[in-house]
Amino acid sequence: MKKSILIVLTLCLSHVGISQEYFPKNDGVKETNALYTAFTNATLFVSPTQKINNATLLIKEGKVVATGKNISIPSNTVLIDLDGKFIYPSFIDLYTNFGVKKPERASGGGRSPQYSASREGFYWNDHIMPEKDAIDHFNYDTKKAKAMRQEGFGVVNTHSMDGIARGTGVLVALNDQGNEAMRIIDDASSQHFSFSKSVTSRQSYPGSLMGAMALLRQVYQDADWYNKGNIATKDRSLEALLRNKNKVSFFEAGNKTNNLRADKIGDQFGINYLIVGGGDEYEMIQQTKASNARYIIPLNFPDAYDVSNPYMANYISLGDMRAWNQAPTNPKILQDNGVPFALTTFKSKKPKDFSKDLLVAIAYGLDKTKALEALTTQPASMLQISDKVGTLEKGKYANFLITSGALFEEETTLYENWVQGTRNVINTMDQIDIRGSYNLALAGKSYALEISGEPDKPNASVSLGEAQYSTKLTYKDNWITLSFTDKQTLEVYRTTAIIPKNSMSFSGKAVLPDGKQTSFNANRNMGVAKEVSQEGKDIKDIKPKELREIVPITYPNVGFGNLTQPQQETLLFKNATVWTGEADGILKQTDVLVKDGKITKIGQNLSFKGATTIDATGKHLTAGVIDEHSHIAALSINEGGQNSSAEVTIEDVVDPEDINIYRNLAGGVTSIQILHGSANPIGGRSAILKLKWGEDAEGLLYDNSPKFIKFALGENVKQSNWESYSRFPQTRMGVEQLYVNYFNRAKAYDAIKKSGKPFRKDDEMETLSEILNGERFISCHSYVQSEINMLMKVAEKFNFRINTFTHILEGYKVADKMVAHGVGASTFSDWWAYKYEVNDAIPYNAAIMASQGVTVAINSDDGEMSRRLNQEAAKTIKYGAMSEEEAWKTVTINPAKLLHIDHRVGSIKLGKDADLVLWSGHPMSVYTKAEKTLIEGRTYFDIAQDKKKRDAIKAERNVLMTMMLNEKESGGKTRPPVKKGNKNFHCDTQF
Amino acid sequence: MNTLRHLLIVLTAMIGFSVAAQQTPAPAQKGAITISGATAHIGNGNTIENATIVFENGIITAIGTSVITPKGTIINAAGKHLYPGFIAPAKSLGLIEVNAVRASNDQDEIGDMIPHIRSIIAYNAESKVVESMRPNGILIGQITPQGGTISGTSSIVQFDAWNWEDAAIKTDDGIHLHWPSTFRRGRWWAAEPRGYQPNKKYTEDVQQITSYLKESKAFGTGNEQPANESMKAMQGLFDGMKKLYLYADGEKEIIDAITLSMEAGIKEIVLIGGYQAYKIIPFLKQHNIPVLVQETHALPKSEDDDYDLAYKLPKLLVDGGLMVAIQNSSMSNFQTRNLPFYAGQLVGQGMDKEIALQLISGNTAKILGLDQYGTLETGKSATLFISEGDALDMMGNTLTRAFIDGRDISLQTHQTKLWKRYMDKYNQK
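Protein chains in written order, with this note's numbering: chain G, -5 to 985; chain R, 36 to 464.
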């Protein structure tokens, strides 16, 4: 004990000596002392893969001097014998906010959102703060440092976890004894990014994930422009970004799909982000691997849900239950797929929880060497600090752990965690094993004392003949404190004693129930001692808790997901009533052959060798339904933080896990356009999808997708129906001028760009230029005739045409003008009365417009209605007496035309994609069901398969619930049930 | 379908009526009217092919096959379909006109337990949304205050009237109680997750309701009570004069709501919503609880639910032997005109068409306690309509005539007038 204190003091002195040799000293005399310390006879891991038995580690002045077997030890060396013990390099956590002041949430919030920045001299957006240096907000946190050291960490990288661009980080050693000069290894070690806004500002842009992505892209482009000297004013944010260009960039993405979003931005600007993931990478391991990025993975395995109340348990989704079941395999799956990763305590509630979860990860297949690498060499390499930390090679920091045995074993004790040569005792290394049987002589009686359990955490029991006493024992720093209580009389006896080093017995002071103090002796009974220690060992040998069975992953990994992706088939539909949607009209008793994903034959009495025949007698075959206006399958819909958001794209935020994709398929829908919302006059770019349930976001997007953008008019863009009074425009008059202004600017931008002169790349202007150049189409949310007319006039003024008016509820009033302009219409069948501007909305709208020659589609704007668009089309027959064939076109070929995908989909025609629906009856009857829905010859919905999926969900839910009940019964942690929110976006969904 | 013929019929039907700016309520039935030749869908599960129906003074005096002797004005409805007027329960029709316009909103009074708030006096008989119900066959509605726990007292009206007094069929028929939920949405602005989490206040909320019910009952048994309109309004629940409409969706909530309401001495209970009612059919059957189940055109509430759970939910309840009708729970009243198609959806799920029809006519009348409406039977009100085709299917629901209490009502609306106005505009060219 004394020795260790001495060492600490010695090392402290020596440190002060080296790091601050030019500092004056007035509180004593200035002397230097440079002793060596040698750790001998240890099992030494110089690195995770380099193990030396019976090795020596020699350190001096906080650094490693030598490692190996035959080290010559200088005479001025303090020797520490580690016979039977292990030495490992200590751990590194790259992703913390250790010691950095937590940013304060902006208060207030007035009558309207805040659209402008709060700062001057910086980037125009408050959430971009690359100039923020964590070191300016850093205060070494001894409490947190201790907690981290207890789990084996020696060095952490820290930063301010706030904002989209977050500034630089600090690399710090968890060395309490040193001072900032010593433990700050790098005061600007890294730079940090995320998709989350700063809490310190209420500036509303960006209000969505896609907005954050667009903003970040623009920041990089602006930095480039700034760097070339093209901006006359001072921008301290961009300057900082440029200054830190060569620092390692961290991106806190937080989940499997955001990981890929971050990676995509990185690819665009040539940045290899270190991506901070979410622990769910196993669900998209192929894509994660293909990103070729390096990951920092938090360990925070979810607790089981408390499913003991069956009513409440039913609310938990299968996907959420699976997350509990499968998450512990994440590190193993990353490892097996060769994805480079480091581990972080970032998401762990306490550092201790991290260590627990790490053992769980290992139990589920994470290799121990890989685990050690993920905590040492891997993070060191990622932050390019391998010359300083990560291994115990010569010249590196003396940051190491002394353990009782191999790391990551349940029974291994971490004794000491040395940081920069400073000793930190976690558990006393040379504590004597006191387990055994004793005769406890006290106040004239001889009690039997049994000590068993772990050597460093023993338990005791005291008895006197038949009488058992309830007993408490603590054993620390070789002092024992034992108290025992008579169960009948509740009399308490208290004893305390120091354990002598070389004796099998101990004696000390006792306090009797009456308060009198006396002494006691505990004499070890040699005969029984062995037996007891044997018993103790037996306890250790008990197998760890049985591993749970891991349920298979599906694509997507939620209920109704696919175990395997549907395969392209050669299919022959026999004897169907075929709604061609072409000049051929409706063909009775007709066969359709699907091969290689295309419609290859239409006719009667067809046969094809190898084709699977589907008897469609009495059934109807149509092209898949197309929804021109959908908001399903997206993580965000509106970027309303500015009056124009042409820079954002829904393609960035497609959500392939939305169950509404599957539900749409069950309603015969095969293609959708996810439109941006209507929060602003110039909205964001669209995503056009084929609903290939099970594919990832990229897989859902049309290849060579036509380019679209959402515009919006009327009450939503004027912000009439909620509290917002400061954003231009507030009237329809302003809406016109906003368009004129933006198109004037886009025209100027395009002219400079085309002239070949240097220009500041602006994603918003790029998009608007595409419109002017006829490369991007507008689908415009519209209600009243005045605004419809206005937008056509604005477009004509700038020599382009509006492609589609969506909603267009007063289109019937200006159908003639629409025909003249050449715009199509995509409308509701019968919606109205939900706001003032739909007062004159009538269900006859579609029929009237169609009668005047407008290409009319019926859309949904609603996750429920979209799956019944066949019925909505039927309403055009009821309201306005459209013919059945024309009515059917409003949800197939007409929206295909509006979306410029009619050469591929929308009708049953030779050579078109086999996106088909087999209906149980007349496709527009309310009595009809979709029985099969195909996309490119793959069956994505099949009513018989659906039944099987339902049964499978029930069975799997039951399996997982049983596992969770067992978890609870065996004392595992549980949490209350949760239910996923129903995500049903509309145009005016804010965020 | 012959489109031109169809169009002609509809346009002619429209032109035949008034061109005034507002639909004038039809005068009382004068002479007898006979409709003959149609397929009559009775609303009790039966049909009569080639039916003849006679009504006088607003009451059906005879219905049957051609053996019935026609009387008065004869309407030949050969090849057409005859239905009882559909009934929309628990809607705020006429209490709010345009959802986003606050000035037009009279559906939700402040206060949590306000049974004395009465819908009938705010009912706008001239609402354009109400008017738009009629061309789809919905002729009667239960006008219901919204929001809060006890939202207020509903009344039942017919949809062709000068004012609320004329409109009323059954005044103050029921009290509407929204049961608290065991789950609540995370308050994301308070840094809670966005999904749903257990409602820790559930027990407390339930206790508030049960004490309110107890206090109401105690109020009724005392003699010299001070005036208390809300407690007074509750009294009908204890003598069976008013029904309690309980809004609950979860299994536990339904069981709690019904058990505790019965224990409080409430006589007539109707469950509204009932998303998970199919899981506790024996319980509902045991207590004889009718269900006004949510509309079929709704998304499943949980990710793992069958995609068609809402489509088939009423069928599951009917198959279980419960008394069931369909209610539209959407915040948008205009959707109520799709009521016939909610019933039609069930046919695709395997339900007989005539049983599906009962869910918006005969059963609804029974559940609401409307003895005079809901079916085409002798002695009942002549509230009915003629449709070109199958009224439960979008393609067939085309009304040519409709009668409320024998009054020959207009099928024109603000919307049909705009249709005509703009077709005229284009036809002028």
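Hints may contain errors.
[As the list claims (entries may be wrong)] Residues from chain G that face chain R, not an exhaustive set, calculated with beta carbons under 7 Å:
| no. | residue |
| --- | --- |
| 1 | A60 |
| 2 | L408 |
| 3 | N715 |
| 4 | W716 |
| 5 | I836 |
| 6 | Y921 |
| 7 | P970 |
| 8 | G975 |
Quick caveat, the hints were computed from the structure, so don't treat them as lab data. Just so it is clear, CB atoms sit at the ideal spot from N, CA and C, and this is done for glycine as well.
Tested hints:
For the restraint placing G/A60 at the interface with chain R, the shortest Cβ-Cβ distance is roughly 52 Å, beyond the 7 Å limit, so the hint is violated. Given the 7 Å rule on beta carbons, the hint for G/L408 is violated: about 34 Å separates it from the nearest Cβ of chain R. Taken as an interface hint, G/N715 checks out: its beta carbon lies about 5 Å from the nearest beta carbon of chain R, inside 7 Å. A distance limit of 7 Å between C-beta atoms decides the matter here; for G/W716 the minimum to chain R is near 9 Å, and the interface restraint is violated.
Interface hint status for G/I836: upheld, as the beta-carbon distance to the closest one in chain R is roughly 4 Å, under 7 Å. A distance limit of 7 Å between C-beta atoms decides the matter here; for G/Y921 the minimum to chain R is near 5 Å, and the interface restraint holds. The interface hint given for G/P970 holds, since its Cβ lies 5 Å from the closest Cβ of chain R, which is under the 7 Å cut-off. Proximity of G/G975 to chain R holds as hinted, the smallest CB-CB distance being about 5 Å (cut-off 7 Å).
Going through the hint list in order, the structure does not satisfy hints 1, 2, 4.
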